[in-house]
Each structure stands twice: as C-alpha cells, then as structure tokens.
Amino acid sequence: MTTPQPQAAHPAAPQTAPQAPPHAAPGYWPGTAPAGGPAGPVGYVSPIPVRKATLMDAVSAEWTKIRSVRSTIWTLSVMVAIIVGIGLLIAAGVDASGSKMTGSTALAGGFFSVMLGMICVLTLGVLTISSEYGTGMIRTTLTACPDRVRVLTAKAIVFFALTFAITLVSTALVAMFDVAMLEDQAEFAASGGEWLKVTVGTSLFVGLLGIISLAVGTLLRHSAGAITVMLGLVLAPLVVAMFMYTESLSSVRKALFEYSIPMLLSVFYGASGESSATSLSGWDPLWVIAIAAAVALGGAYASLLKRDA
Amino acid sequence: MIEAVGLTKRYGAKTAVHNLSFQVRPGAVTGFLGPNGSGKSTTMRMILGLDQPTAGHVTIDGHPFRNLPNAPRKVGALLDAKAVHGGRSARMHLLSLAQLGGIPARRVDEVLGVVGLQDVARRRSKGFSLGMGQRLGIAAALLGDPQVLLFDEPVNGLDPEGILWVRNLMKQLAAEGRTVFVSSHLMSEMALTADHLIVIGRGQLMADMSVKDFISANSADFARVRTPETEPESREKLTAALVEAGGQVLAEPDGGLRVTGLPLPRISDLAHGADVRLWELSPHQASLEEAYMRMTQGAVDYRSTADQVAALAPPPPGHGYGHPGAGAPQGWAPPQGNPGNPYPVLPGEQPNPYAQPQAAAPRPPQAAPQPPAAAPAPASAPADLTKRDSEDAR
Numbered sequence: 001m002t003t004p005q006p007q008a009a010h011p012a013a014p015q016t017a018p019q020a021p022p023h024a025a026p027g028y029w030p031g032t033a034p035a036g037g038p039a040g041p042v043g044y045v046s047p048i049p050v051r052k053a054t055l056m057d058a059v060s061a062e063w064t065k066i067r068s069v070r071s072t073i074w075t076l077s078v079m080v081a082i083i084v085g086i087g088l089l090i091a092a093g094v095d096a097s098g099s100k101m102t103g104s105t106a107l108a109g110g111f112f113s114v115m116l117g118m119i120c121v122l123t124l125g126v127l128t129i130s131s132e133y134g135t136g137m138i139r140t141t142l143t144a145c146p147d148r149v150r151v152l153t154a155k156a157i158v159f160f161a162l163t164f165a166i167t168l169v170s171t172a173l174v175a176m177f178d179v180a181m182l183e184d185q186a187e188f189a190a191s192g193g194e195w196l197k198v199t200v201g202t203s204l205f206v207g208l209l210g211i212i213s214l215a216v217g218t219l220l221r222h223s224a225g226a227i228t229v230m231l232g233l234v235l236a237p238l239v240v241a242m243f244m245y246t247e248s249l250s251s252v253r254k255a256l257f258e259y260s261i262p263m264l265l266s267v268f269y270g271a272s273g274e275s276s277a278t279s280l281s282g283w284d285p286l287w288v289i290a291i292a293a294a295v296a297l298g299g300a301y302a303s304l305l306k307r308d309a
Numbered sequence: 001m002i003e004a005v006g007l008t009k010r011y012g013a014k015t016a017v018h019n020l021s022f023q024v025r026p027g028a029v030t031g032f033l034g035p036n037g038s039g040k041s042t043t044m045r046m047i048l049g050l051d052q053p054t055a056g057h058v059t060i061d062g063h064p065f066r067n068l069p070n071a072p073r074k075v076g077a078l079l080d081a082k083a084v085h086g087g088r089s090a091r092m093h094l095l096s097l098a099q100l101g102g103i104p105a106r107r108v109d110e111v112l113g114v115v116g117l118q119d120v121a122r123r124r125s126k127g128f129s130l131g132m133g134q135r136l137g138i139a140a141a142l143l144g145d146p147q148v149l150l151f152d153e154p155v156n157g158l159d160p161e162g163i164l165w166v167r168n169l170m171k172q173l174a175a176e177g178r179t180v181f182v183s184s185h186l187m188s189e190m191a192l193t194a195d196h197l198i199v200i201g202r203g204q205l206m207a208d209m210s211v212k213d214f215i216s217a218n219s220a221d222f223a224r225v226r227t228p229e230t231e232p233e234s235r236e237k238l239t240a241a242l243v244e245a246g247g248q249v250l251a252e253p254d255g256g257l258r259v260t261g262l263p264l265p266r267i268s269d270l271a272h273g274a275d276v277r278l279w280e281l282s283p284h285q286a287s288l289e290e291a292y293m294r295m296t297q298g299a300v301d302y303r304s305t306a307d308q309v310a311a312l313a314p315p316p317p318g319h320g321y322g323h324p325g326a327g328a329p330q331g332w333a334p335p336q337g338n339p340g341n342p343y344p345v346l347p348g349e350q351p352n353p354y355a356q357p358q359a360a361a362p363r364p365p366q367a368a369p370q371p372p373a374a375a376p377a378p379a380s381a382p383a384d385l386t387k388r389d390s391e392d393a394r
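Top to bottom, those sequences are chains A and B. The opening position of the first sequence corresponds to residue 1 in the UniProt record's numbering, with each subsequent residue numbered one higher. The opening position of the second sequence corresponds to residue 1 in the UniProt record's numbering, with each subsequent residue numbered one higher.
Only chain B is shown next, with the shape it has when bound in the complex (with noise of 0.2 Å):
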C-alpha cells in the first residue's frame, strides 16, 4: 500500500505538487490521471525517494522508500523507458539491476520471456524502438517480483497488441494481489484497465474514487429526445412543456433535444400530456474521456489554440474544405443548412472556446474533439484498439 500525505513539491517559485494525499491499495489498478505537467511523474518521482518532497510525506507498507528493508524485492517501477545506457545490452542492463538488488541472475532470463524480448536480449538497447524500450522498462520493475509496481506512462509508443497485453499484465498482477499503480493521461485506457482513480490536476487532487463513481460524478448524464422532423411545432411544444416542469432542453444541431434534469419516464409522461409524439428518447452516459475532460479543463496548462492557417488562404471558392460531415463524430447527423453551434453550452459550463461558430475563417470539421455521441462505455469494449493507435503517440 503506497500513502502520500499532504505531499507538496515546490520547484523555486513553480508548486508542481500541492498537498496531495491519497492511498493506493493492494489487490487493484489504481490508475492516476492528469494532464501532461500535472505532476504525476514528480509524484511517482517522490513515492520512490527519487525526489525530496518540500512538505509531507509519502511510505509505501509504512515506510518512507528509502529507508524500506529489501526495497528492490518490495516495489518495482518503470519511470522512463528511455532510462537506459544505449551501449548496454537489454540483459546485461538487467543483470546489473538484478545483481544490485541481491535477485538471482536466472530471474533476468524469466522476465525477458515475460516481456517478449528474449530475442533481442543481448543486442544494445540503443536500437530499441519505443515499444521495446517500454517492455525492457517493464521487465526491470518485475525483476524484484514485487508486492507494489509503479508504471509512468507505460502503453507509450507500444503496438495495439503491446497495449492489450500491458493492460492484461496490470490487470493480472493486481489480481494477484499486488499494489498497482499507473500513470496515463490516456483516459480510454485507464477505462479499460483501472479499478480506481486517482486524478490530479496542475499537482493537486482532483478526484480520489472509483471508475464508475467517477464517471456518474463528473459527467452530466442528459436524455436525447428527438420529435418527428416533419412536426417542426411539436418540438416547440415539447420544449415549452419539458422547461415548465423544470428541465433544461437545449436544441442539437440535428434536430433533437438534449434533456437535463428530468428522469426519461418524466420526459415520456410530458410529450404523452403534450401529444408529442416521440421519434427518439434515448438515456445519455458520458464517457471517461468526456468525464476527465471535464473535470480538468481549468487544469491543463499546455493549451493549444485553433491553427489559424486558413485565414493565411485566399477565400476559397464555394464552401471550403473538401467533404463536408466527413470529419463529423459518429453518431452525428451531417449539419444541414445553418446549423448554429454544434456543440451546444450545457448549464454551468465554460463555452468551448473551439466550436464557437468562426465567421471569418471556415473552420475544419474536427476543430473540436468533444465526442457527443456515445463513447464506448468503460469495461464493455476491450476490441477498442483502433480508437488507441493515434492517441498514444506522446
């Protein structure tokens, strides 16, 4: 079991961790999450004595790091899989950590087939794509077949296939028994692999619970409603009577109703009292992806801003860029005529600042990567690989 509390790291004037407290409990993948600059690597960095909190303290079984008897048998971590003398072959890398930590030298042969690298075992690690590099990060944090395993970023630069097993791997090892602690900023992977969360944002706590309760906390669960395109006076009619029983209705951009506040047998009830009839009323369940967006976006800190190439560009003749709805997300009906914002402001939040509607310069499709639609619910989907591909390139 890994304890922080009240962990604080100030460099010079910059807090890149504040008062941070949580534990991360044996027998689960607890998954910590944050944007990149959140403070997830400084933290990992002071777990394992590596680096002197300013303020508190974090043990893992009751003892700081640095002071834990057998501590190579005890935690195992992988921090950067760049880590490693290029010139050194991966066993010869793994002999020396194995002899350092008193580990049979049999062990190093035994975690190279775990990883899949047998192979390669002796060509110079210089060679190693990312992915390689990432197992023989991971071979060395099991070296010490440890009870508490730490992972930053492991499933960076790995294949789908390597991303499946990494995430099996975790998964096994917690069911083990063992402490499993891993940092992504991968939202739909930690979906799929973690039990727990524990979300940080610009070094501080965010949210410390379970993936489902995440998700039921931070996501705004709506209804669609959608009346009958051809009785464009009965959508009216339904918004008038949802509003009145105290509902927030807000128009989509394909003529349906996204509905908050009201439970769906209540929405049924009104259009029945209303005589509306009803094409679509569907339940909503955020997704991870939108629940951590959500919750972070005050506490990203690298924020990019819409490339504003396009204005650079002579006015384009007719329309713009090429195929229209192309680049829409599933699930969405291509926008017909003018279709206002696309993304609408539910109450209470921030406006997007990207899908506000640009008149000077025709803006591509996919400015605004927020998926309405519904996104793969966690747990359900582990064939989600090719979603992955493009976004765990760092």
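With the rest of the complex left out, here is chain A (with noise of 0.2 Å):
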C-alpha cells in the first residue's frame, strides 16, 4: 500500500489520506486491542497476528468439511454396511453349502463385497470436490486459500486418508470371519502375505480409485457427470469386453478385461487363481491403479490452474 496521492480523478476523497484506525474501539471486534501507535502507511493493521497457512491447515480444513456434511457421514455408513454386510452374508452361505472353495483361500470370499462397497467411494470421491462448484463454494475456498495446488492436495490427502481407513476396517473384519468360518473348505490356508494383501492392498487400491474419482470430478466439475464417467470407467471395461468376439480383437479384449477395476481388484483374493488368463499377479494392480491415479491427478491439477473458478 502506497500513499495514495490526490489526483484531478479524485478531487473529493476527503477520508483518501492513511489514518490509524480512529475508532477501531474496543468492543466492537470482541477481543480486539487498538493497535499500538499509528502504524505507518497501511490503513489497517488486523490485532489479529498473522500466521502463514500451510498445508497442514488445509488438511485440517478438508476434514472439517467431510465430516461437517450428513451425506458424508451416510455415504460412508452404506459403504461399510455393504463391505461388512455382504461379506459376512457370503460367508456365512458358504459356509452353509458346506462347498469346497478350489484354487483359493478362504479370504476370497471377501472380494465381492469390497466390488460393491467401491461404488460409494466413486460418488464420494466425485463429491468432494463437484458440490463445491455445484454450489459456489470452490470460490469461497480459493479466496481463502489462492494456492490452489494446496487445496486440491489436502483434499486428496484427507479424502484418501479416509477411505483407506474405513475399507482397512471394514476388510478386515471381513477377513476375519472369512478365516475363521471358511478355513476349512479353502483348498489353501492363508498366508501372512495374502492377509495383508486383501486388507491393507485392498485399502489402498480403493482409495487410489477414490483419487481418480476426485480427479475426474475436478476435472468435470459435474456431480452426475462425474459420477456417471466413474461408473463407465470401473464398469464399461468388463462388459465391452464380454461383447468382442472376434478373433481379431482378442488381444484388445485381453487388456480390457485385464485391466478393468473388478478383474485388477480380484487379483488380490486371487479368485482368479494362477491358472487363470491374467498375467498381473501379486501387487502389482496397486502399481497400475496408482499409475492411473498419478495422471488423473496431474491432469486435474493443470485443470484447476489453468481454469477460471
């Protein structure tokens, strides 16, 4: 702020020349001492001190956010009703049919359910960040907090938190009792490796496709949209695949099916066995994923640097 000097535009700026606040008086900020002497050429100096907002204070903000919304709350309810409901209603009807589970362990039976539970982090993840440019919001938050980079960051970092935290929960538990009732019809008893992999593997791989949908909802900026083009990326793959026939396509047909979300995410229940088709084995669907999760997210950074709000 510089002095601000008369000009022939601005014969009559009576209250033009700096002054120290002449009545900022006490009381009407509750909290608020006069500041001590005149304080230069600035106009008003906040009593307040001022504190440089880092990333952390984002984060902490974006998770102020996520929990201060019911539709957050019920959304991520239903994910871990769906997650521990359906595996525990798989696993008990196995149990009940007494069938021998061939080629896997008994933590297989825990993959469908986690299948289903993904949904809701897709429109989560969309959420997140869509509803702020559905309302308005998105330019509430960029002048609170112009580095934009920061905020797209502590939202993924708070949103990927999130869910990893919950499927880590909810997997878990379905592990347990996948072990504890299906044990013994499993052709395969289950390793440390396998546990971790269905848990912790699984986790992560949901909440780097919870990334991809953030990103693809920034990217858009649409809640149904986004949601829809996050139903065709998990789906699509698989059904498209289904319908190739040709002999030509077959190699096309392999990758889609290889690499669509549901065959990528069973390959950590290893429902698909060695035998199967699949080349991908072990972790490496989290290398795929995160890879796609990678350019998602670069692609909804230059996005939101480079549009207007």
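Each hint should be verified, as a subset may be incorrect.
[Unchecked claim] For lysine-lysine, the following DSS-like pairs were computed, each having C-alpha atoms within a straight-line distance of at most 30 Å:
{"no.": "1", "chain 1": "B", "residue 1": "K14", "chain 2": "A", "residue 2": "K306"}
{"no.": "2", "chain 1": "B", "residue 1": "K82", "chain 2": "A", "residue 2": "K306"}
{"no.": "3", "chain 1": "B", "residue 1": "K82", "chain 2": "A", "residue 2": "K52"}
{"no.": "4", "chain 1": "B", "residue 1": "K171", "chain 2": "B", "residue 2": "K82"}
{"no.": "5", "chain 1": "B", "residue 1": "K82", "chain 2": "B", "residue 2": "K14"}
[Unchecked claim] Some, not all, of what chain A presents toward chain B, calculated at C-beta under 10 Å:
{"no.": "6", "residue": "P47"}
{"no.": "7", "residue": "A58"}
{"no.": "8", "residue": "I138"}
{"no.": "9", "residue": "L231"}
To be clear, the hints were calculated from the coordinates, so they are not data collected in a lab. Don't be surprised by glycine CBs; every beta carbon is placed ideally from N, CA and C.
Grab the two chains, each in its own frame, and use the hints to assemble them into the complex.
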C-alpha cells in the first residue's frame, strides 16, 4: 500500500488520507485491543497475529468440511454396511453350502462385497470437489486459499486417508470372519502375505480409486456427469470385453478384461488364481491403479490451475 | 489498495470487461456500479484471481491476488450469498474457512456475533433466508479481519434493518482505514454508502469520481419556473424572453417551465424585465439515480419493453385504468385535460420510448419510472428506507 496521491480524477475523496484506525473501538471487534501506535502508511492493521497458512491448515479445513456434511457420513456408513454385511452373508452362505473353495484361500470370499462397496467411494470422491463447484463454494475456498495446488492436495490427502482407514477396518473384519468360517473349506491356508493383500492392498486400491474419482470430479466439475464417467470407467471395460467375439480383437479384449477395475481387484483375492489367463499377480494391481491415479491427478492439477474457477 | 490496469475479459466472442483501469483506495467506501450484466462480478472475480484476465492485470497492494502473502488475512470477499454447501452448518462453514486461512478458531464465534447469526450458527445453511445467507457471506469476508474487503451486492435480500446495518458496517470498515469495494446496481443505496464511485456499463469504465462530482457531472440541473395559472399569456411572454436570453425552455405538464442554461438570478431578472410575476422559481438537482440512469442509458443489456397486455383487452369504458394520477411521482400535479407528453425530452437526449403518448393502448400511469421530482439528496436521507424495499429484490 502506497501513500495515496490526490489526483485530478479524485478531487473529493476526503478520507483518502491514510489513518491509523481512528475508532477501532474496543468492543467492536470482541477481543480487540487497539493497535499500538500509528501503523505507518498501512491503513488498517489487524490485531490478530498473522500466521502463514500451511498445507496442514488446508488438511484440517478439508477434514472439517468432509465430516460436517451428513451425506458423507451416510455414504461411508452405507459403504461399511455393504462391505461388512454382504461379506458376512457370503461367508455364511458358502459355509452353509459346505462346498469346496477350489484354487483359493478362505479370504477370497471377501472380494464381491468390496467390489460393491467401492461404488460409494466413487460417488463420494467426485462429490468432495464437484459439490463445491455446484454450490459456488469453490470460489469462497479459493479466496480463502489462493494456492489451488494446496487445496486439491489437501482434499486428496484427506479423502485418501479416510477411505483407506474405513476400507481397512471393513476388509479386516470380513477377512477375519472368512478365515474363521471358511478355513476348512478352502484349498489353501491364508498366509500373512495374503492377509496383507486383502486388507492393506485392497484399502490402498480403493483409496487410489477415490483419488481418481476426485480428479475426475475436478476435471468435469459436474456431480452427475463425473459419477457417470466413474461408473462407466469401472464397469464398461468388463462389459465391452464380454461382447468382443471377433478373433482380431482378442488382444484388445484380453487387455480390457485384465485391466478392468474388478479384475484388478480380484488379483488381490487370488480369485482368478495362478492358472487363469491374467498376467498380473501379487501387488501388480496397485501399481496399475497408482499410475492411473497419478495421471488423473496431474490432469486435475493442470485443469484447476489453468481454468477459471 | 486495488489497482486494475487495462483489465479485459473475453468469453469467446463476448467481451465481458473491456480495458478497465481504476484504483480503489483505502479509507473510503468505493461503490462499483453498473446495470445487470455489465461485468461487475467478472471484475470482482478477476480481482480475486478466480478468473484469469484475457489482457491487463489487477493487483492488491502491488501483488496479484494469487501471489499475495497471507491472502486470507489481507483480503476478504463476499461474492455470492448462496455459495455455501447447504448441508453444512454456518459455524462449520466458517470454521473450515478459518482453518484454511490459518485464522484462530475463536474468530469464528466473533464474526458470528458481528453479523448476528450466533443463534442459528449450528443450523444447516440450507434453511437460511437470502438475508441470513448474506450475513453468513459477510461473516466469511470479515473472518480474516482483512485490510481489503470486496462485497458483491451485499444488500440483496436484506430487510431495511439489515440494509442499514450493512451501510453502517461498510462505513465503519472504511473509517478504520480499510479498502472497501462494494458492487451494486442499487444507485440509491450507493448514494448513501459510497464516497467514491466507479461506474461501468457493458464492461467499460464510464465514470471514476466522487459521488458529488458524479451527480453534478452527469445530471442536467435545471430551474423550475411557474407563472400564475390565471395568466397564460405571461407564460408565453416569459418563455420568449428566456429563449431570447439563450436558455432552453420546456413546458411541463403541470403548467410550469423547465429552464436550462440560465442561472436562477438571471431568470428572475428576465422575468422582472418582461414584467411577469413568478409563482415558483426553484433549483432542481438531479439525484444520483437520475444521473446514473442518464449515464447508463445506452449501456443496458436487458431492457424491458412496455407490457402490451392492455392491447388485448376489450376497449375500456370511459378512461380505462382506474385511479388516474395515483401512480404519479410525488411532487407532480396530476395531468389535467390533455397532458401531451408528461416527460419532456431535454436537448441532446434520446426520447424516452416509454414516455411517448400512445394512442392505441391506454398506458399504465407508472410506465416510465423516471422520477423528475426532487429525490432525496444523497447523504441527506438515511431514513429513506421504505423506498428501497421494492428495489432490492433482484
């Protein structure tokens, strides 16, 4: 702020002269002490100490945002209910049927419920940012924090951590039930590494899928559109692959099949087994989804920085 | 201080803001005026770094907003009262913004008190009225106790008490030495609140001056002269004398004369010389509203046409619309006999299309909302609230 100079265009601006707050009256701002002494050329000096905002501030702000909206709580509750509830139902059903689980461990029973619960993460990931565009809240947010990279990074951190934690708890519960009920029917015993894959691996996978949703939400800015795109992304490759009968397309078909989200997830559960056609095994799906998330998030950053809010 | 230099924003073929340069100084309320769609909000968004200008730049204290150190502590803004997530409570909304800006959390309760929302702080903002939404937006703007404040249409949806509160708040914030930039399309409101005006129309700067200068520069001040009604010939005599002396004279429907181009004492002298008695000789100063209308006449994007619904009705018995003269602006005698054109056209002025007498359809008496009578002088009528009630609905 410079000293205002009277100009011809502003002949009658009587209050232009800089002044220390003349009646920053005690009591107007509660808890405000009048600033000590004249403050140089600056017109107004806030008595609240200035602190540089950091990424951690943005993270706590995003955490406040995400927990203070009922739809978040509902969506996450539904997700837990689906993963745990359907996981239990499947375990009970297989247990009652007494059939042999050939070529897999007891943990394989948890695959289908995670597959269904994942849909909630897609929705919530998109809504985390698209609801801000829908309401115009994004402008308020970006006024409070002009560093757009920081805003999106904070959202990504909070959303990833939240989905990871919730998926981890749910899948661990289901895994415990599966092992307790189905151990005797499974062909192989579940090793420690397999435990880790269906809990931590799956949770990382779901969290990264949430990041992709967040990125797609940032790119499209429209809730319904972005959710539709995400559902298509998850389901379409498998469906399309099913209808590719032609011999000439068989390689495309194989790729679509292998890299579709459900098939990637199934690798963690060993459901497709070593004998199946897939070339991915172990922790491979995580790298695939991590690369996809990095690309999507990179696009989201670029779009957020370049486009008008 | 906000400084815009050659600010231009184009959306495809449409130019929203064109080559706008202005400065907003601390210690005063600067009004930002323009008709709907004139580029006010676009300019505000560019100031806040939300939209990237196509050309030119705008800085706050010398920095573009996005490079400001501690932006939330330096600049506070209310852009849109509805720009909140409806499912979040007022308190949580403000808390998240406070955390984002590194502002102590107790400040949230302070600003809730300042805007008077402490009792509904835990209610979800979905149920808020537009006025409550505005208060929440103002609370968000005040959160960082910033030096620069931007308000886009802050009085929309507020009740008279709320409007008075906003007006006093703006003045107080400016008196504390802050830069206060308020956009509005309500001229009457700005007349009472602002010290300085920046007027744009169709995205271009039309005026950048103090309120007082704006009025005197953009309004044709004139004198109202009335001769005794009993002596119609004296009126013609005076008209002839005034025209001869170089004045422009227009007959008003109530029998008075509107004289421009001559000072009051000269008119009196001429009347005396022509041996004409005067019943009235009064100065007329245009209100800010009139000055603004006159200035933005050519720059209005959305202009309504006269409602021709009356043409569909069967020919009315007698004189048509019920109460003649009921809608006439204050200070006007109801037109007597055949009034001719009640809204005379000043020299150099486009004829008001709505004021032309229409032979075919009876015209509602309020079709031309141009108040020629002396409207309250700016800054002299803080109690003039009733009038605004009908105007603040967007």
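With a cut-off of 10 Å, does the beta carbon of A58 of chain A approach a beta carbon of chain B closely enough for the hint to hold? Check passed: Cβ of A58 of chain A comes within 6 Å of chain B, closer than 10 Å.
Checking one constraint from the list: CA of K14 of chain B to CA of K306 of chain A, max 30 Å. Satisfied? Judged against 30 Å, a Cα distance of about 20 Å means the pair holds.
Would the pair K82 of chain B and K52 of chain A pass a check requiring their Cα atoms to be no farther apart than 30 Å? 28 Å, holds
Hinted pair, alpha-carbon criterion (30 Å max): K82 of chain B, K306 of chain A. Please report holds or violated. Given that 30 Å is the threshold and the Cα spacing comes to 25 Å, the pair holds.
Is the Cα-Cα distance between K82 of chain B and K14 of chain B 30 Å or less? 26 Å, holds
Close enough to count: is the Cβ of P47 of chain A nearer than 10 Å to one in chain B? 8 Å, holds
Interface hint status, I138 of chain A versus chain B (Cβ within 10 Å): 8 Å, holds
Is it true that the CA of K171 of chain B sits at most 30 Å from the CA of K82 of chain B? The hint holds at about 24 Å.
Holds or violated: is the Cβ of L231 of chain A closer than 10 Å to a Cβ in chain B? Hint violated; L231 of chain A Cβ to chain B Cβ min 23 Å, cut 10 Å.
Comparing the model with each earlier hint shows a violation of hint 9 alone; every other hint is respected.
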